[in-house]
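**Student:** So the chains spell out like this:
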Amino acid sequence: MRRFLAFLTVVLAPQSALAEPVVTSFELENGMRGVVIEDHRAPVVTHMVWYQVGSADETPGKTGIAHYLEHLLFKGTDTIPSGRFSEIVAENGGQENAFTSRDYTGYFQNIAADRLGLMMEMEADRMRNLTIGDDDWQAERDVVSEERRMRTDNRPSAKFREQFSAALYLSHPYGKPVIGWKSEVEALTKEDALEFYKRFYAPGNAILVVAGDVTPDEVERLARETYGKIAAVDLPEHTRSVEPPHLAERRIEMVDRRVAQPQFMRGYLAPSYVTAEPGEAEGLVLLADILGGGTTRRMQRIMTQDTDMAIYAGAYYSGMARDHGEFVIYAGPKGDATLAQVEGAMDWILEDLLAHGVTEEELARSKKSLIADEIYSQDSQRSLARQYGAALTVGLTIEDIQSWRSRVEATTADDVLNAARKVLDRRNSVTGFLRGPDAGKEATQ
Amino acid sequence: MKTLLALALALLIAPAAQAAEDRIQRVISPGGIEAWLVEEPAIPMVAVEVIFSGGARVDAEGQDGAAYLASGLIEEGAGDMDSQGFALRKEDLSARISFSSGRDEFTVGMRALSANLEESFELLHIALTEPTFEQRQIDRVRDQVLSGMKSDLVDPNTQAATEWFAQAFPGTSYGRPTKGTPETINALTRADLLDTYGRMAVTSRMKIGVVGDIDAATLGPLLDATFGDLPEGEALDTSPIDPVTVSGVHVIEADIPQSTAIFGHRGMMRDDPDFIPAFVMNHIFGGGGFGSRLTTEVREKNGLAYSVYSYLAPYERAALYMGGVATANERVAESLDLIRAEWRRMAEQGVTEAELEAAKKYLTGAFALRFDSNAKIAGYLAGLQASGLGIDYIDTRNDLVNAVTVEDINRVAGELLKPDELFIVVVGDPEGLDESN
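Quick mapping for you: the protein sequence lines, in order, are chains A and B. By the count of our numbering, the first sequence reaches residue 445 at its end, each step adding exactly one. By the count of our numbering, the second sequence reaches residue 1437 at its end, each step adding exactly one.
It is worth saying that the hints were derived from the structure and are not from the lab. Heads up, the beta-carbon is just placed ideally off N, CA and C, and yes, glycines get one too. One thing to keep in mind: the hints can contain errors.
[Unchecked claim] With a straight-line cut-off of 30 Å between C-alpha atoms, the simulated DSSO-like cross-links for lysine-lysine are:
1. B:K1376 / B:K1301
2. B:K1301 / A:K182
3. B:K1361 / A:K198
4. A:K159 / A:K190
5. A:K190 / B:K1301
[Claimed, not checked] Partial list, computed: chain A residues near chain B (C-beta under 8 Å):
6. N92
7. V143
8. E147
9. I311
10. G357
11. A364
12. R365
For reference, chain A alone in the conformation it holds in the complex (with noise of 0.2 Å):
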């Protein structure tokens, strides 16, 4: 016991001296939140607007509604026409995107310090004074679904993540391809979108995050004179479909022609970051580091090295989200192994944890490489951005971000496997079987 703390003395201790981010926060009289990320390294800027409105918040029948409103949003205001944002943002030498997400959808540009206050006068502007054009709503409707044939009806593998996640969730509307389902996304019109562009976008619904090469006092002052003048509106509840409790496990085989490496998953549903009973969350991120958090992890060593039975093996949590979390393990058979053989390894593997438990110096060792993850992702302005972003609309406070490290390091191996016990419990889960029409055959021999 006396050599592993003195170990951990000197692994942990220079890292946990690094200075963190210096992050600030303000809220104007309309509801909207600002954080500052100060990044002076170059004098660029990223500015984010992050609204509480994802494809989780759709009308049933109306999925892909948030990620289309998303493109129209480039469609032009009252004052700025169609096509005009995007000029404007690259004459002054930015570059732009917008992204959407089960519970959220972003907006943002990179762009020279200087030109900001022009960035949150465009955005400002388009949160509540956009128009669509009748030429505009249809011509980018075919976008989204060339989109969607590109992303996923032309992919096995995305398809079958697509039935994956719709076999996850009984009720719940994670559920739903964020895209959208096909025949419903060719369906939605530019009413559809304006209605939903109301309901959610305002002041009081979005956050604003700007990282980057300024003070917080002059964002705030910028923030005041363009987001400031919007009138604050009521908000909508986010009603959403409550799961109930899982009593089956589910499994699902999918068959495509052009799946050349079969694919076995399993993902069972999981605390989020804001559901988790303290510790649960922190434990199920050591979980899937200690299983299947790279080389010298449990199942890259024992499926890809030791048995040599699989291509590739891994594990991963997903747990900044609203309502629910995912906890996910995965692995490519290889050679002769069938895809029921490699369940079967991945379950013994998960056994044996759950019998035993994980040791110190697995902790250890998963501990001080995600504490380094976290050291080299602050390099990335636009990353550290989109962690605050992300964070912060699914609901949890900038303390909560910044105590992330602390409380990875005080998880013990007890939290980690009360979290895999209260997790991996098959009624909770969706087993996936992805192959190819010839490797049935080597199943049934």
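Fit chain B to the given chain A structure using the hints.
**Tutor:** Then chain B, alone, in the frame of chain A:
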């Protein structure tokens, strides 16, 4: 995500961060090894990128894929460490080290914490100079590569690109897949791989970029200790390879709802005096994402694609002008007609003064943006050297862009864009497409 693939593919000549431009130091180690350094103490880490010119071009006759496989083996054991031992050591140091080999280059990346700098460089040194290439690991990594190849055979983009390059570069390394084929990599022995590796990490073709919490005096001795005992290596054949003008449309039948097309013809080398005008022209044509002509016509006006793009592809020995689009099978012919028409319009009519001004504003203004991390700047510093550009390039690059005139672009567009030479490979089940060769 609204991301356009074009944005990712447009980073061919990439400007450095303005804040860094006055801060690039040319460091020459006591042993004579050169690195370009930007000191950045804000975060206690150092990013390193090393580019060794070569990549798949060092593969011996009949051994396609050797460099690719070798690059995947370096971390699977080095010095007295086996695969697990090496990974554990990396973890102890919290160092991130990666190796990759492509068409023209073998690239090494490292991120290390300031606290473990010396030990991290030492680990990189052992990896580079004493990889063990143990037979068991060769077999294991080879199986991974073979699995990847099977997946490539059903990935529409890879299928289209493989076919395009095979037809444009028959009988040369550019015409063969970087990963090799099952036949060539199954035939590789340990001796073949060691022999190939001996031509990959060599000092005569090495370019180094370093950014982070380190000064020149500290870096110099680390360069000698890490790279000093690598072999000097031999020069590679850099004589130009002329792509074959194929022209026409080639369809690879696939049971998918959307056709993926890759198109292009010969391009312009990086050292061509017209490269900058061509680069600005491409930004206007199909490199600039939103607002580019291809995106406006194909995506915005007609809803025919999520992603349509073009890019200049200057390789070491050949240059291409390439693009891509993906459209539903029923409408892909329409997309390709629009693209051909735009290709002809640009060749014949060039650009307007307003388009050029907008492009200049963007390209010069975005100069500072592409490097918001130490790791990206390190990659840029190594890339500048690999492209043969001077350390002052960053100071002059915006002036070069601003000096481009409409006349320059129109002349270059007329010379570069050849709508009748376009070779288009389509993967999918396209309707109404006139296949010809």
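**Student:** Hint by hint, say whether it matches the structure.
**Tutor:** Do the hints match the structure? See the list:
no.	hint	in the structure
1	B:K1376 / B:K1301	violated, 35 Å
2	B:K1301 / A:K182	holds, 22 Å
3	B:K1361 / A:K198	violated, 35 Å
4	A:K159 / A:K190	holds, 27 Å
5	A:K190 / B:K1301	holds, 17 Å
6	N92	holds, 6 Å
7	V143	holds, 5 Å
8	E147	holds, 4 Å
9	I311	holds, 5 Å
10	G357	violated, 21 Å
11	A364	violated, 10 Å
12	R365	holds, 6 Å
Comparing the model with each numbered hint stated earlier shows that hints 1, 3, 10 and 11 do not hold.
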